[in-house]
Amino acid sequence: MTTRQITYLEAVREAMSLEMRENNDVFILGEDIGVYGGAFGVTRGMIEEFGPERVRNTPISEAAIAGAAIGSALTGMRPILELQFSDFITIAMDQMVNQAAKTRYMFGGKGKVPMVLRTPAGSGTGAAAQHSQSLEAWMAHIPGLKVVQPSTAYDVKGLLKAAIDDDNPVIFYEHKLLYRTTDDVPEESYKIELGKADIKREGTDVTIVATAIMVHKALEAASELEKEGISVEVVDPRTIVPLDKETIINSVKKTGRLIVVHEAVQRGGFGGEIVSVVAESEAFDYLDAPIKRLGGKAVPIPYNPTLEKAAIPQVPDIIEAVRETVKNK
Amino acid sequence: MAKEIFMPKLSSTMAVGTLLQWFKEEGETVEIGEPLFEIMTDKINIEVEAYDQGVLLKKYFDVDAEVPVNQIIGYIGQAGDKVPDSSPGMTGEEGTTEEKEEATVSEQQELIPTASHTQEGEKPRATPAARRIARTNNLELVFIDGSGPYGRVHKKDVIAHLEAKTSIPKATPLARKIAQTEKVELSSVTGSGVNGKIVKDDVVSAAVPKEAVALQEPATKRRKMSGMRKVIADRMAQSAYTAPHVTLTSEVEMTKVKELRAALLPVIEKQTGFRVSFTDILVKAVGAALVRHPQVNVSIDGDEIVQHSEINIGLAVSVQDGLMVPVIKDVVSKGLAELTIDAKDVGKRARENKLLPDQMRGSTFTVSNLGMYAVDAFTPIINQPESAILGVGRIQDKPVAINGMLEIRPMMTLSLSFDHRALDGAPAAAFLTELKQILENPFELLV
Amino acid sequence: MMVKTLKLPEMITEEKLKDLYKEMWLIRYFDEKVDQFFAKGMIHGTTHLCVGQEASAAGSIAVIGRKDKIVSTHRGHGHCISKEGDINKMMAELFGRETGYCKGKGGSMHIADVEKGNLGANGIVGGGLPLAVGAALTSKMKKEDYVVLCFFGDGASNEGSFHESVNLAAIWDLPVIFICENNQYGMSGPVKEMTRVENIADRASSYGIPGKVVDGLDMIEIMNSVHEAVEHARDGKGPTLIEMKTYRWKGHSKSDAKKYRTREEEKEWREKDGIKRFKETLIEASILTEETAKQLQDQAYEEIEEAVKFAENSPEPSLDSLLEDVYA
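Going down the list, the sequences are from chains D, F and H.
Letter by letter, the first sequence follows residues 1 to 329 in the working numbering.
Letter by letter, the second sequence follows residues 330 to 776 in the working numbering.
Letter by letter, the third sequence follows residues 777 to 1104 in the working numbering.
Keep in mind the hints are simulated off the structure, nothing from the lab.
Errors might be hidden in some of the hints.
[As the list claims (entries may be wrong)] Below, simulated DSSO-like cross-link-like pairs (lysine-lysine); rule was C-alpha separation at most 27 Å, straight line:
no.	chain 1	residue 1	chain 2	residue 2
1	F	Lys765	F	Lys494
2	D	Lys329	F	Lys494
3	D	Lys253	F	Lys663
4	D	Lys112	H	Lys798
5	F	Lys587	F	Lys663
6	H	Lys798	H	Lys892
7	D	Lys112	H	Lys919
Since this is a predicted model, take the numbers as computed values, not measurements.
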């Protein structure tokens, strides 16, 4: 396999392009994805290669384009919908929640909705309250949807391929601040099965389950803590629906300690679900410290950069939480 | 029909027992004589064996529950046998409403741990991992010091406890070597390494003279009383504060006892494999004296004085962090060889915490021998419900006047404490005088 | 046999007209039966009946082919029957039985027959419009040459999804025909109070597509108008918005006291009954006699009775099915 360094953003584009070259049923639709190249430039160059039929620039009509994606999926296409900001899912919510997620079940197992809704999430760009949220827990709550949160370019490419190949509606969260990060990525197409967590760093003293950009913050914290003799294991679930419970449980059984970190507001966040999974599992008997959750503060994301950073967990917060958790090692 | 499992009365003073653990789960088969559960009485921890065989159908109480004697705590029977949902009350009685209420009360009491390491009324704080390891090793969390916040017991605390129990301290090879040359007892050293492992520095600082340590570390250390310590404390205070103690002392010449022991040693050793001790001879002599002075062999029960027909002698045995008083039954009918066997057996069992229930109850008089120390006389506290106790001092060569001549003789002081409620000075003095005479002329024992 | 006396699309034969007459009765009897079962408590949940609106369903779907698709609404039993729906499976679904269209898991509001091109009823007002646009997009992209009839009500025309969807279909020239069954009330809300424009179809001009108001009780006008829109769509010229003025005889759903309208108004509309008008037209055209009309009506009744028996004799779904079909 030939690998080279590409960005997370390029990995998204490459995964889509490879699939679109392979399969005529795959197309992309979304706002400003044509010659503009999408709000973050993910689809730049794609309309030139695939033309306006398969790179469909849409009006600003999130309900209609989400529904159009669903309707086309239900009738044989494999659409990729780019939702410009994940915050806008509020407008597409009825279509995703009441239509896409439920169609197959309501119809008694007939019909399928093989679509991907790709959307940039997260704060850190100064875009303030309506363009910085992490609402993945909403979608994870809905049976019938799958939810992916890749943290690296390598994972993006493999997971997006799996999402496109999947016969169900998949919400694919891309983190804005990760778009420019690079990673070794094979040139050819490959698939990372949905529902397989990745141990991003092995350790023995504490398990950190982190998602999206928090994977990187956790890894940074782990490097710092190594100097203090604390060995941190970082588990990246990569997909929260389906969730790789086994990997998480096994890790906690090994370390006896658990910290869950996500950017989304802690209250009602998916971290609570991960914690519950562990608490209900055989890993409970191996816990040797109270579990900790680190999540966003219960505030809208503020504009001021200092406040914006303070609203979500940062590396020192993770380090502090780890120290507290392993105190009685 | 299902058979009751009940809280056995394992000592005369036992009113409640604390369940330490169940060895069986509901649904498991039980053989007669298999250990079924372990309890802590006011004296000891003891495993209780099944009286019946079948399936353990029901357990009404959990670990840490304090259960009154005779309370039904479970059932053994055949699978499918019907048993009540809650403890029907006392064994041997029809379950009445009243008793059911009583049972409920005792169930509420189970929330109160007898734990010494935990605040009264609180369950021990422990992490799930600590609980799991404690469970698999049959350890009670309440006895383990927690190093976490609010005394939370962590995995490492349980492991440290386990290692302390096995009494082979974990130490690095270097630490062992230094300990050997500096004559430092490793078991007295607190390890600062991983999982409490003793490292070089720990041994070096332990080797520093005590005075220096005291200067360096003026801080006093506190530790919670263990369960046994607490029982001893309660019982001693109870006895000291309820029984007006009077202590009489008398010097006894031990020349003939020494001769007797020297003569019997090879005989008894050959017969039993044990060496007869002065205590054994004392027990025999006390038995003989009590026969002649039955007014000392009594107990107070309410406003009655109970005259015991049997003479059962309790032997105070020092054990780790406490004291136990196992019993030698019916000493009068036993010869010295038999008494030697009994005394060695209960002494060993007491130190190993393996006394049988029957060896824990029924004493009517106690002998406490401190003669192995530089103690001449003392004022022993009565082991209630007995009414008297004999304190035994060391045997020491002393100058005594014999027929106007100063001679050196082996002398021993006896200290008799008696409960002045039960008897008065004269009969007590008469008993002590009798005992002195027997010991100074031990061939009387053969009569 | 071609129909000489009536001006109709080519595919509408005399046989088809007779079938349509019977089909209208099937729809009416089906919903009357359902109404009765609800009243008796034999069916639970809720349902929305299209008694009185048979013509817009039967007439519209009469002029499309098997490969064409429909997207239906919560008041969708008629659409399903007209799109060759299996009334046994429909009735069984309402009974919540394993043999139902949705294995008893969908109920009245989610009956779909994907194989036959019925992309489903929808419990969300306006929820189906974007789906219809998507289905039409597939037709265009895969050159499958089918059209999509998108049914919705006057109430849905005030949903954002209506505007977004009609606009999207318009700019992409998608083969979708938006059919607004204006039955005068969105639940209790009179269309005259909820909409300022005289006709919903007037809104077509906002999206640059043809709009047409049709008498929703006139089968002939319905068939011709929808046929014209379908031809327009097949020619790649994009969507049409057709408004069919109609009336639901029953309340919105069960336990509707219909306080928002008068009995006189109901009587007026009942006299304009679409089935009666269609029968008169067919008798006038010598396609039916009173006698043959009665025979068709009775046959419809028999078939509904059979469907009821089928449903009643069908098994309940197994509990195991609860967790099935969440994901493909």
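Hint-by-hint comparison with the structure:
Distance restraint check for Lys765(F) and Lys494(F): the Cα-Cα separation of roughly 44 Å exceeds the 27 Å cut-off, and the hinted pair is therefore not satisfied. The suggested pairing of Lys329(D) with Lys494(F) holds, with an alpha-carbon distance near 21 Å, which does not exceed 27 Å. With a C-alpha separation of about 60 Å, the suggested pair Lys253(D) and Lys663(F) falls outside the 27 Å cut-off, and the hint is violated. The straight-line distance between the Cα atoms of Lys112(D) and Lys798(H) is roughly 33 Å, outside the 27 Å bound, and the hint therefore fails.
In summary, the hint linking Lys587(F) to Lys663(F) is supported, as the alpha carbons are separated by about 20 Å, within the 27 Å threshold. Simply put, Lys798(H) and Lys892(H) have alpha-carbon atoms about 20 Å apart, close enough for the 27 Å limit, and the pair holds. The suggested pairing of Lys112(D) with Lys919(H) holds, with an alpha-carbon distance near 20 Å, which does not exceed 27 Å.
The structure fails to meet hints 1, 3 and 4 from the earlier list, while all remaining hints are met.
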